[in-house]
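Protein chains: 2
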Amino acid sequence: MAELYCKMTAEQLKTEQKELFARYNKFKAKGLKLDMSRGKPGADQLDLSNGLNEVNDYIADGVDLRNYGMLDGIPSCKKLFADLMGVQPENVIVGPNASLTLMFDYISQCVTHGAGDKPWCSLPEVKFLCPVPGYDRHFTILEYFGIKMVNIEMKEDGPDIDAVEEHIKDEAVKGMFCVPKYSNPQGITYSDETVRRIAALKPAAKDFRIIWDNAYCIHDLDDNGDELLNIFDILSQYGNEDMVIEVCSTSKITFPGAGVSAIIASDNNIASIKKRLNAQTISYDKMNQHRHVEFFGDAEGVRAHMKKHAKILKPKFDMVLEHFNAELSGRGIAEWITPKGGYFISLNVMDGCAKRVGELCKDAGVTLTTVGATYPYNNDKKDSNIRIAPSFPPVEELNLAAELLCICVRLACIEKLLG
Amino acid sequence: MAELYCKMTAEQLKTEQKELFARYNKFKAKGLKLDMSRGKPGADQLDLSNGLNEVNDYIADGVDLRNYGMLDGIPSCKKLFADLMGVQPENVIVGPNASLTLMFDYISQCVTHGAGDKPWCSLPEVKFLCPVPGYDRHFTILEYFGIKMVNIEMKEDGPDIDAVEEHIKDEAVKGMFCVPKYSNPQGITYSDETVRRIAALKPAAKDFRIIWDNAYCIHDLDDNGDELLNIFDILSQYGNEDMVIEVCSTSKITFPGAGVSAIIASDNNIASIKKRLNAQTISYDKMNQHRHVEFFGDAEGVRAHMKKHAKILKPKFDMVLEHFNAELSGRGIAEWITPKGGYFISLNVMDGCAKRVGELCKDAGVTLTTVGATYPYNNDKKDSNIRIAPSFPPVEELNLAAELLCICVRLACIEKLLG
Numbered sequence: 001m002a003e004l005y006c007k008m009t010a011e012q013l014k015t016e017q018k019e020l021f022a023r024y025n026k027f028k029a030k031g032l033k034l035d036m037s038r039g040k041p042g043a044d045q046l047d048l049s050n051g052l053n054e055v056n057d058y059i060a061d062g063v064d065l066r067n068y069g070m071l072d073g074i075p076s077c078k079k080l081f082a083d084l085m086g087v088q089p090e091n092v093i094v095g096p097n098a099s100l101t102l103m104f105d106y107i108s109q110c111v112t113h114g115a116g117d118k119p120w121c122s123l124p125e126v127k128f129l130c131p132v133p134g135y136d137r138h139f140t141i142l143e144y145f146g147i148k149m150v151n152i153e154m155k156e157d158g159p160d161i162d163a164v165e166e167h168i169k170d171e172a173v174k175g176m177f178c179v180p181k182y183s184n185p186q187g188i189t190y191s192d193e194t195v196r197r198i199a200a201l202k203p204a205a206k207d208f209r210i211i212w213d214n215a216y217c218i219h220d221l222d223d224n225g226d227e228l229l230n231i232f233d234i235l236s237q238y239g240n241e242d243m244v245i246e247v248c249s250t251s252k253i254t255f256p257g258a259g260v261s262a263i264i265a266s267d268n269n270i271a272s273i274k275k276r277l278n279a280q281t282i283s284y285d286k287m288n289q290h291r292h293v294e295f296f297g298d299a300e301g302v303r304a305h306m307k308k309h310a311k312i313l314k315p316k317f318d319m320v321l322e323h324f325n326a327e328l329s330g331r332g333i334a335e336w337i338t339p340k341g342g343y344f345i346s347l348n349v350m351d352g353c354a355k356r357v358g359e360l361c362k363d364a365g366v367t368l369t370t371v372g373a374t375y376p377y378n379n380d381k382k383d384s385n386i387r388i389a390p391s392f393p394p395v396e397e398l399n400l401a402a403e404l405l406c407i408c409v410r411l412a413c414i415e416k417l418l419g
Numbered sequence: 001m002a003e004l005y006c007k008m009t010a011e012q013l014k015t016e017q018k019e020l021f022a023r024y025n026k027f028k029a030k031g032l033k034l035d036m037s038r039g040k041p042g043a044d045q046l047d048l049s050n051g052l053n054e055v056n057d058y059i060a061d062g063v064d065l066r067n068y069g070m071l072d073g074i075p076s077c078k079k080l081f082a083d084l085m086g087v088q089p090e091n092v093i094v095g096p097n098a099s100l101t102l103m104f105d106y107i108s109q110c111v112t113h114g115a116g117d118k119p120w121c122s123l124p125e126v127k128f129l130c131p132v133p134g135y136d137r138h139f140t141i142l143e144y145f146g147i148k149m150v151n152i153e154m155k156e157d158g159p160d161i162d163a164v165e166e167h168i169k170d171e172a173v174k175g176m177f178c179v180p181k182y183s184n185p186q187g188i189t190y191s192d193e194t195v196r197r198i199a200a201l202k203p204a205a206k207d208f209r210i211i212w213d214n215a216y217c218i219h220d221l222d223d224n225g226d227e228l229l230n231i232f233d234i235l236s237q238y239g240n241e242d243m244v245i246e247v248c249s250t251s252k253i254t255f256p257g258a259g260v261s262a263i264i265a266s267d268n269n270i271a272s273i274k275k276r277l278n279a280q281t282i283s284y285d286k287m288n289q290h291r292h293v294e295f296f297g298d299a300e301g302v303r304a305h306m307k308k309h310a311k312i313l314k315p316k317f318d319m320v321l322e323h324f325n326a327e328l329s330g331r332g333i334a335e336w337i338t339p340k341g342g343y344f345i346s347l348n349v350m351d352g353c354a355k356r357v358g359e360l361c362k363d364a365g366v367t368l369t370t371v372g373a374t375y376p377y378n379n380d381k382k383d384s385n386i387r388i389a390p391s392f393p394p395v396e397e398l399n400l401a402a403e404l405l406c407i408c409v410r411l412a413c414i415e416k417l418l419g
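Those protein sequence lines, which keep their order, are chains B and W. Heads up: the first sequence at position 253 corresponds to 253 in our numbering, and the numbers run straight through without jumps. Heads up: the second sequence at position 328 corresponds to 328 in our numbering, and the numbers run straight through without jumps.
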């Protein structure tokens, strides 16, 4: 039975530290080079989609896929995404290989042209609400455009909506980033109540936009996945159809670097996005859209495919969590949530210890997501949050990496307690 | 021997008109539906690149092409473009399927972040120089961002540089769009002298940027193609390395909708573009980059491939020009340049007649590029320029379309002369 570190004497902690250092040094001697930094699928997951490349027909949906045209995507691919996301095809634009680009480009459009009101670049200040911990690449977009980020604490059923409701009284607050299902990094799925309260928001800014990054919409780890209320089913009840811009992609369904993305929005927003796209491109890659349609057939085909990913991913998540349970629980030094899907496990260690854990891991050859990156401006004030990405390393390597991580967490906390 | 229309009597013109209308009505009765509007390759051209789809290896340049990463493109593809364009790989970023997107995104970056000076959105006015006639999609980008377009007349060896030198004394003039080889629509290649004078410009705006859209860099119609001086070879002589942003793509080499593009720029500009890209995407489609590298092997492979395109395109250009020579020359109603490459023939008809030619063609089932679109704001003050895109229709259809076009030109001019 593990003992609470805070209850241990300095002598006891030093004994513990000595044992842990012995284990740590053994790891170090192995000269490991393991990467748990990013939510990258492993090579075995990528192999699941190699059939994508077998398509050889060039005419589909009545057009030559190789040639120019079809700004918003081929109808069959729009339908595939519409069926998956529970919306109408006319509210879908199929995009490039990264939904990140769709989000960046939409924010850029708001900066230069606004979202129905003045261009954001003409305003003295623009702020966005950022549930924390959150996805570093969202923060990077906002920071690039000089949009001020306001932290919103994540609760166990989504962002703190009381705080959101308070902040949106400020007209400079123009939007919020959300990962509503299997949030990055905590793996939290917003409750129906949270989604309803978000759909019902009455922001002071009439051009308030929620970027609903549904990156993990069908990314369950087993048959017992979370259900997310479809926000587009309820927005109209509150007259808020234009408030939400949803994105998703096949990055973690087929190939991260060569998938297709989609943006889902109201008629008004689709029109304004198309107006921009008409200047920005002639069409996205229809060949790749068709490859995906042919490979999956329909939305059911995509869901069946996701079960294959789950089979590969679940043991990896389980392994990390087993190590956490074995080495970290009961010591009062770390907390985590067991996610039912997504790509991450979020670990909160004793305040002031996260960066040190990152250093210790790095020195022993294990790369974590840059500690602090889960907060805007890289500023995790408590220095507590660590994002674990278990997907990429093969399972044997992950076993080593997770054990090492636990050793480093314990060592960092002991150092802190010994002062 | 054709007679000058302006020398003919009203009676003679009416007789001519009657004959032409008889021919016109015969065409109309055929119920044609022919498209000469856009520079789209024909299906036989697209077939040349079907081998692209045969690649099945997923590891190249030491990375898994399917996964995330490599923001600026795989090294082998960067090298392919570098060799083609005569620059160093480190000055190349491989982009998405459309160089149009690279141009739009770069201008957008200048609007929100500037090009070394203040963001353009913070300035009271931003102007761009536009050689005319020019490419409508360039104008669409500028119009989208509210950048004021200033016409610069095209001469036979490129834009009127005297006028350019005058306009750039105005600090609000921030840039210029150029299609330096086989210009769209005239097919003019800038002379060495013109390229040198452009490279030597000393604009009042320190953040002046020339978008060097080298869309037709290797798109000769036969072995007797034009040579364009490589502007990146001489910019440093004038301390102007940062003044030019070059783009190109395989849109008219492989598949217009599923090719790869590249942006070529100085070290400084590459760094600022990468800074933006780091927020905008994780990587472009490396699978597609690799398909292109495998398909071509090297720059010589691309050049050999272009000869196959030329074999298909040359007879189409010749056919249109034969009709022009047979029906339009000697009548004093139209002028054109015989291009050695590119995708267009630019036809200047008698002032005030171009729109009418478009209408007559449309009524008989032949779609031309929207008349006027070759000028900013769709404003061809002389109503004279028509862009002909002979690439898309099969040669038998093109034969009909070109004959009809000539009839329409003659009819419109007669109408005008008869008042």
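FYI, nobody ran anything at the bench for these hints, they're computed from the structure. Treat the hints loosely; a few may be bogus.
Identical copies go unnamed one by one, so any copy, or any two together, can satisfy a pair.
Using 27 Å as the maximum straight-line C-alpha spacing, the simulated BS3-like pairs for lysine-lysine come out as follows [as the list claims (entries may be wrong)]: (1) K355 x K275; (2) K148 x K28; (3) K33 x K169; (4) K362 x K275; (5) K340 x K206; (6) K307 x K33; (7) K127 x K275; (8) K307 x K202.
Evaluated hints:
1. In the homo-oligomer, the alpha carbons of K355 and K275 lie at most 27 Å apart only across protomers (25 Å), although the nearest pairing inside one protomer, at 45 Å, exceeds that limit.
2. For the identical chains of this complex, K148 and K28 are neighbours neither inside a copy (41 Å) nor across copies (62 Å), given an alpha-carbon limit of 27 Å.
3. For the homomeric pair K33 and K169, neither the shortest alpha-carbon distance inside one copy (48 Å) nor that between copies (57 Å) is at most 27 Å.
4. Only between protomers do K362 and K275 lie at most 27 Å apart by alpha-carbon distance; the minimum there is 26 Å, versus 47 Å within a single protomer.
5. Taking the closest pair of Cα atoms, K340 and K206 never come within 27 Å of each other, the shortest separation being 36 Å inside a single copy and 54 Å across copies.
6. Neither within a single protomer nor between protomers do K307 and K33 lie at most 27 Å apart by alpha-carbon distance, with minima of 30 Å and 49 Å respectively.
7. Within a single copy, K127 and K275 get their C-alpha atoms as close as 25 Å, and across copies as close as 22 Å, so both meet the 27 Å cut-off.
8. When the C-alpha separation of K307 and K202 is checked against a cutoff of 27 Å, the pair qualifies neither within a copy, at 39 Å, nor between copies, at 61 Å.
In summary, the structure is inconsistent with hints 2, 3, 5, 6, 8 from the numbered list given earlier, while agreeing with the others.
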